[in-house]
Amino acid sequence: MPSRRFLLTVSAAWFAVGRGARAQSATGRAAAFVKATGDKLAAVVNGPGSTQQKRETLTRIIDSAVDVDGVARFCLGRFWRQASPEQQQRYTVIFHQVLVTNIAAKLGEYKGVSFTMGRAEPDGENAKVDTVVDRPNSPPTNVQWVISNPASDPKIVDVIAEGTSLRLTQRSDYAAYLSHNNNSIDALISAIQHQVEQNQASG
Amino acid sequence: MCTFFRSPPYFGRRFWLPSLLLLIMAGCATPPPASDPDALADYQQTNDPLEPTNRVFYAIDNGLDTVVMKPAAQAYEFVLPDAVRTGIHNVLGNLGTPVQLSNDILEGKPRRAGDTTMRFLINTTVGLLGFFDVAKNLGYPDHDADFGMTMAKWGVGEGPFLFLPVLGPSDPRDFAGFGVDVAAEPFLWLGQGEAILALGYSKWALNALDKRSRLLTDIDSIKKTALDPYATFRSLYRQHRQAQIEEMENDDRATVPVWFPQSAPVH
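Residue numbers (the numbering used here), protein chains in the order written: chain A, 256 to 458; chain B, 5 to 271.
Because the hints were derived from the structure by calculation, they are not lab data.
Think of the CB as a built atom: it goes at the ideal place given N, C-alpha and C, for glycine as much as any other residue.
Be careful, since some hints might not be right.
[Stated by the list, open to error] Here are some chain B residues pointing at chain A (derived, C-beta under 7 Å):
hint: 1; residue: D42
hint: 2; residue: T229
hint: 3; residue: A230
hint: 4; residue: D232
hint: 5; residue: S239
hint: 6; residue: L240
[Said to hold, decoys possible] Covered stretches of chain A, as calculated for chain B (at least 3 residues, CB under 8 Å):
hint: 7; segment: 300-314
hint: 8; segment: 406-419
hint: 9; segment: 422-433
hint: 10; segment: 447-455
[To be verified] Listed next, the in silico EDC-like pairs over lysine to aspartate or glutamate satisfying Cα-Cα at most 20 Å (straight line):
hint: 11; chain 1: A; residue 1: K410; chain 2: A; residue 2: E341
hint: 12; chain 1: B; residue 1: K228; chain 2: A; residue 2: E364
hint: 13; chain 1: A; residue 1: K361; chain 2: B; residue 2: D148
hint: 14; chain 1: A; residue 1: K366; chain 2: A; residue 2: D441
hint: 15; chain 1: B; residue 1: K227; chain 2: A; residue 2: E452
hint: 16; chain 1: A; residue 1: K366; chain 2: B; residue 2: D86
hint: 17; chain 1: B; residue 1: K227; chain 2: A; residue 2: E364
hint: 18; chain 1: B; residue 1: K207; chain 2: B; residue 2: D42
hint: 19; chain 1: A; residue 1: K366; chain 2: B; residue 2: D214
hint: 20; chain 1: B; residue 1: K140; chain 2: A; residue 2: D389
hint: 21; chain 1: B; residue 1: K228; chain 2: A; residue 2: E452
Construct the entire structure; sequences and hints are all you get.
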């Protein structure tokens, strides 16, 4: 008759192994998701078509692969709670536009881009996937992708290029703007709006 | 009252004069009142008590950049083909190996010191005085090492953010590290004479052109997409330094020579 302690140890070990396996399959899925999304993006960037067409296709891919609402909330930081539901809604809409157009415009310049997959590891609830992005005439760049809900519904929540996080940088930009404009969320929204219009005008 | 002098223990005496000048010129930011804990936490996290002064220098640097450095870097990029610019970048990197090597050693990173030594030996000879980075393809990749990183390894904190005239984003630790690296530069003590001086100045000028030209598109796109470019540069600078330091600290490759029977990799 196995002792109670033995049973406990076995069940604890079983639980630990199960958890490990689950975490591994989750990071595996995150890596597969990054690979699939990266392939799609690179195919568009390196493929035929006008800049305008490419931007539209990139926008669609980014829209479905990035947790834009989550990133929007993160970037507003503590001010998200202070914003009224109406402000939150207006901000999310404009943030969506700014993020997607910025990324699409940036990727548009990456003709000839290719990437290699690195290791993937769990990062709390998320998973982190390493890649190395190669562009002609540029040194290779280490890019880390942070993926939320890797097992069930993987979405990109952050891109860390050479150690600099896109969403952290964006959040500190907004925080600085707010602190110099009486913490007015309306002022922030109209500044973002203004910036979008300006960048669209200048192409 | 400005908290600049009270808080950081890493704030050595040698900084008091330039800092005092800074303070006289523009003063400190006013911390938010204790009744607003969120704002106070933000203020402490930003750790930029000299923000008003820093912003003045940012504006000056930005103006200088627009009329001097950026056009110069654009001309540099326009005139020289890619391969030549890469070659110049490699030569400059190779000239920096003595300082890099001393920092690798001071950081206690033997494998990095080995990489740096091999890079210097291979690139100076086969790589024609460093013009071609042959060592990279032979398994000796480049890495960052400076005295700011060395001090970070020794446990010195970064301290408050500084935006310096001409030098750009920094902090007391990295600024002091920059000074030490400049003093350790062999060009400074190899000899005297106009030829050496001219070489030293050309190296500095080329270094500035090389660095700026590599950042042309990045800086433009930051200025275009940031609401507050100063704050964005501040955040990017700190994150980038943090990443460099973490990469160095995590580089714990074993020092077993290649010819020694290798132990099985642990996985």
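**Prompt:** Checking against the hints above, which ones are violated?
**Reply:** Of the numbered hints, 7, 11, 13, 14, 18 and 19 do not hold.
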